[in-house]
Amino acid sequence: MSERQVLNKKNMGINSGLPLQASEGGIDELRRDIQRLMDIEAIKQLKHAYFRCVDTANLEELATLFHDEVCVRFKGGGYEWNLDSKQEYVDNIGMAFSKEAIGQHNAHHPEIQIISETEATGIWYLADNMWILNHNALTTGTALYWDRYLKVDGKWLIKDTNYERIYEINRSVDDRPHLSSHYLGVHGADASF
Amino acid sequence: MSERQVLNKKNMGINSGLPLQASEGGIDELRRDIQRLMDIEAIKQLKHAYFRCVDTANLEELATLFHDEVCVRFKGGGYEWNLDSKQEYVDNIGMAFSKEAIGQHNAHHPEIQIISETEATGIWYLADNMWILNHNALTTGTALYWDRYLKVDGKWLIKDTNYERIYEINRSVDDRPHLSSHYLGVHGADASF
Amino acid sequence: MSERQVLNKKNMGINSGLPLQASEGGIDELRRDIQRLMDIEAIKQLKHAYFRCVDTANLEELATLFHDEVCVRFKGGGYEWNLDSKQEYVDNIGMAFSKEAIGQHNAHHPEIQIISETEATGIWYLADNMWILNHNALTTGTALYWDRYLKVDGKWLIKDTNYERIYEINRSVDDRPHLSSHYLGVHGADASF
Numbered sequence: 056m057s058e059r060q061v062l063n064k065k066n067m068g069i070n071s072g073l074p075l076q077a078s079e080g081g082i083d084e085l086r087r088d089i090q091r092l093m094d095i096e097a098i099k100q101l102k103h104a105y106f107r108c109v110d111t112a113n114l115e116e117l118a119t120l121f122h123d124e125v126c127v128r129f130k131g132g133g134y135e136w137n138l139d140s141k142q143e144y145v146d147n148i149g150m151a152f153s154k155e156a157i158g159q160h161n162a163h164h165p166e167i168q169i170i171s172e173t174e175a176t177g178i179w180y181l182a183d184n185m186w187i188l189n190h191n192a193l194t195t196g197t198a199l200y201w202d203r204y205l206k207v208d209g210k211w212l213i214k215d216t217n218y219e220r221i222y223e224i225n226r227s228v229d230d231r232p233h234l235s236s237h238y239l240g241v242h243g244a245d246a247s248f
Numbered sequence: 056m057s058e059r060q061v062l063n064k065k066n067m068g069i070n071s072g073l074p075l076q077a078s079e080g081g082i083d084e085l086r087r088d089i090q091r092l093m094d095i096e097a098i099k100q101l102k103h104a105y106f107r108c109v110d111t112a113n114l115e116e117l118a119t120l121f122h123d124e125v126c127v128r129f130k131g132g133g134y135e136w137n138l139d140s141k142q143e144y145v146d147n148i149g150m151a152f153s154k155e156a157i158g159q160h161n162a163h164h165p166e167i168q169i170i171s172e173t174e175a176t177g178i179w180y181l182a183d184n185m186w187i188l189n190h191n192a193l194t195t196g197t198a199l200y201w202d203r204y205l206k207v208d209g210k211w212l213i214k215d216t217n218y219e220r221i222y223e224i225n226r227s228v229d230d231r232p233h234l235s236s237h238y239l240g241v242h243g244a245d246a247s248f
Numbered sequence: 056m057s058e059r060q061v062l063n064k065k066n067m068g069i070n071s072g073l074p075l076q077a078s079e080g081g082i083d084e085l086r087r088d089i090q091r092l093m094d095i096e097a098i099k100q101l102k103h104a105y106f107r108c109v110d111t112a113n114l115e116e117l118a119t120l121f122h123d124e125v126c127v128r129f130k131g132g133g134y135e136w137n138l139d140s141k142q143e144y145v146d147n148i149g150m151a152f153s154k155e156a157i158g159q160h161n162a163h164h165p166e167i168q169i170i171s172e173t174e175a176t177g178i179w180y181l182a183d184n185m186w187i188l189n190h191n192a193l194t195t196g197t198a199l200y201w202d203r204y205l206k207v208d209g210k211w212l213i214k215d216t217n218y219e220r221i222y223e224i225n226r227s228v229d230d231r232p233h234l235s236s237h238y239l240g241v242h243g244a245d246a247s248f
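Residue numbers (my numbering), protein chains in the order written: chain F, 56 to 248; chain E, 56 to 248; chain Y, 56 to 248.
Hints were generated in silico from the structure; no laboratory data involved.
Nothing here was measured: the structure is a model prediction, and the numbers come from that model.
Honestly, I wouldn't trust all of these hints.
Pairs count within a copy or across copies, as identical chains cannot be separated in the list.
Claimed, not checked - Listed next, the in silico BS3-like pairs over lysine-lysine satisfying Cα-Cα at most 27 Å (straight line):
1. Lys-154 <-> Lys-206
2. Lys-65 <-> Lys-130
3. Lys-64 <-> Lys-206
4. Lys-154 <-> Lys-210
5. Lys-141 <-> Lys-99
6. Lys-64 <-> Lys-154
7. Lys-130 <-> Lys-64
8. Lys-210 <-> Lys-99
9. Lys-210 <-> Lys-141
10. Lys-130 <-> Lys-214
11. Lys-154 <-> Lys-65
12. Lys-130 <-> Lys-154
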């Protein structure tokens, strides 16, 4: 842990995007300003759909959210994900979010920067709980995400996604939690590990 | 739990709303685009006020957020709420959020779709903790909400609200938590159950 | 705890801002509407940056987010913060978020009201966990924030920030949590208490 980089904007490669300042121009400039606000909203909804699909193992919709060449770099405390394609990413989520998993991944505090009509960046603050029931394991923590989004054929997609932990706690849980509801227990895939 | 529906957009009855694409038209079309962005913001603030009012038992403001004929369908693990009017909904919240309750209800990841100038839908990802201190009970979990909103006399209201759990854990807590602050303990109603 | 004020908008001093209603005027009125939406987004990003900087002890960026005469009134269960300048606020955060701290501060449910071109208010719903490892202490809770923001030289700043708790639980944790990642343990300051 001693060689961790400082998690500031410079090291995350996040520069200022187009300013949140209405144009002084005419109707076409205002149209672009409106589109920029709509793009910010669309990118938030993209990332929101991502977390909804992950925790419900909705792989069909999930596959519509990534660029074909999505690049994933997640550094957890005890794991890393380094993936370089949509298929790999969807497959890994399908395996991790099995019948033996309970996932709670909530991303807060979006800071979306529009770079151009088709490129944007985002910082998010993740808080998550992940149980792997057959391993009696519970991982809890937070992380900062920094992402790059591309607009392809009129739709925003996740192109690059990175996170590093602020903290991570691993607990061994002796007994299965008393689950009165467990969606993935019904609709997740069979566990493969 | 074995007959649970798949929680995808189709089963929640969520269709694509008006696109987040600026009009190519003139000033009146842009005015409608701006209004659409304002409506999305207003609906988020409506739902945000809802959770603030619930957890502080602010029944007076809460009553201003619902349509008279609000329809509530909440499926928890060990409970269901099926309510069909504003009065029932406010009364039930007043009873549940008593002096013996600590409520923490946070809704994340809004996906608001504007259907028309007066109708919209929303998906939200709830994370909640609810203590009922006199029953030594703590319920923790997450859920997907899907809502319908109507604009009546210029104000967005909650018309239909539904949720189903992603997971729910019920714990019996032997000892009361060591509370150094407890707002509902002062301002909640006396417990009726 | 018995003399706590009711946490409604009136007592928080929150009035309705400019309505989320598109102007019926011409291009200059629409420009102002667009600016208002951009201001709401900029204020959300300001507060989001605040929480990112707090939990990573990023004091350099933090200092860019406050008005020189920021006024802080936080009422926790077992503590109060009453601060009246940027320097005091940054210094206090630097001391609290030391190598012995793990901070998780997530603010939900923004209700931003634009008062004028340079003044706005906001309500937020905080959920937080704060470990002070060398004191074996964990504080968990929620609170309502109410803030005032000013736009100075084109940039929104936090001018006043207040919160009171909905609940707060203090736990003594016998053993240090098993941390597989701890950013502040590397990049926080040495503990001074």
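Tell me the numbers of any earlier hints that the structure contravenes, in ascending order. Of the numbered hints, 1 and 4 do not hold.
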